[in-house]
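Visitor: One line per chain: the protein sequences are R and G, in this order. So the first sequence is numbered by the working numbering: it starts at 229 and just counts up by one. So the second sequence is numbered by the working numbering: it starts at 3 and just counts up by one.
Just so you know, these hints were derived from the structure itself, not from any lab. A couple of the hints might just be wrong.
[Unchecked claim] Far from chain R, some chain G residues (derived; all Cβ distances over 12 Å):
1. LYS6
2. ILE7
3. LEU17
4. GLY24
5. PHE42
6. LYS57
7. LYS120
8. LEU142
[Stated by the list, open to error] Derived, one-sided and incomplete: chain R residues facing chain G with beta-carbon distance under 10 Å:
9. MET246
10. ILE247
11. PRO248
12. PHE249
13. MET250
14. PHE251
15. TRP252
16. LEU253
17. HIS255
18. PHE256
19. GLY258
20. ARG259
[Stated by the list, open to error] Dumping the calculated SDA-like pairs for lysine to any residue here, alpha-carbon to alpha-carbon at most 25 Å:
21. R/LYS236 x G/ASN131
22. R/LYS236 x G/LYS57
23. R/LYS236 x G/LYS6
24. R/LYS236 x G/ALA140
25. R/LYS236 x G/TYR129
26. G/LYS87 x R/VAL241
27. R/LYS236 x G/LYS4
28. G/LYS60 x R/TRP240
29. G/LYS6 x G/THR61
30. R/LYS236 x G/VAL86
31. R/LYS236 x G/ASP93
32. G/LYS60 x R/ILE245
33. G/LYS4 x G/LEU68
34. R/LYS236 x G/VAL112
35. G/LYS120 x G/THR137
36. G/LYS59 x R/LEU242
37. R/LYS236 x G/LYS87
38. R/LYS236 x G/TYR102
No experiment lies behind these values; they were computed from the predicted model shown. Ideal Cβ positions, reconstructed from N, Cα and C, are used throughout, including at glycine.
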Amino acid sequence: MNEFKFLKPLWWVLHIIMIPFMFWLGHFVGRF
Amino acid sequence: MKNKITNYLIGALFLVSLGGLGLHFRIHNPEKHIFGYVPFFAGIISVLGVPLLFKFKKTVHLAYILNGFMAIIGIITMADFSIVKSPLLPDIFIVLGKFYLGRAIFCLEVFNLDSDPKPTGWNIIRYPNMGFWYTHLALLSAVYFLGNYFWR
Chain R
229 MNEFKFLKPL
239 WWVLHIIMIP
249 FMFWLGHFVG
259 RF
Chain G
3 MKNKITNYLI
13 GALFLVSLGG
23 LGLHFRIHNP
33 EKHIFGYVPF
43 FAGIISVLGV
53 PLLFKFKKTV
63 HLAYILNGFM
73 AIIGIITMAD
83 FSIVKSPLLP
93 DIFIVLGKFY
103 LGRAIFCLEV
113 FNLDSDPKPT
123 GWNIIRYPNM
133 GFWYTHLALL
143 SAVYFLGNYF
153 WR
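Only chain R is shown next, with the shape it has when bound in the complex (with noise of 0.2 Å):
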């Protein structure tokens, strides 16, 4: 998808942010 290109740079950036986050959303909310 053409349209993509401008996210094609930030994919490694993205998903190093996206993937720990969301481990830690999981132990954030487990301790409530």
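Since chain R is already given, all that's left is putting chain G on it; use the hints.
Guide: Here is chain G on its own, set in the frame of chain R:
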């Protein structure tokens, strides 16, 4: 007419998000519980940021991605609360509705109205098709579960 429909859908997205923010504020008041800040900030972005990003053609993709991932995070966390505390199925339906509103605005803006794209092979699970969202829902759920289960 297309512009009008887009505006109505953006308005609906704004109102559904505002409703979600209001519901969250009542259930998880940030002043009472620290985790109330999570839905509070997500709600602020949903109400003010996402509809505005959908309004401009240049930022439609960003809005679609933000809207989709916030819906996924909402579905996962509320499903967790449903299992552990009390059922939140109606709230999950609200966030699903918000997701589909975003999808509708995106399709209106990006695809030709008369087109009927049928992705095949790997494209089924690639952006911007629905498979992309199903895969990310499944994978992010798995990561969330690992954090929830193993990091106590």
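Visitor: Which of the numbered hints are not met once you compare them with the structure shown?
Guide: 8, 23, 26, 27, 30, 31, 37
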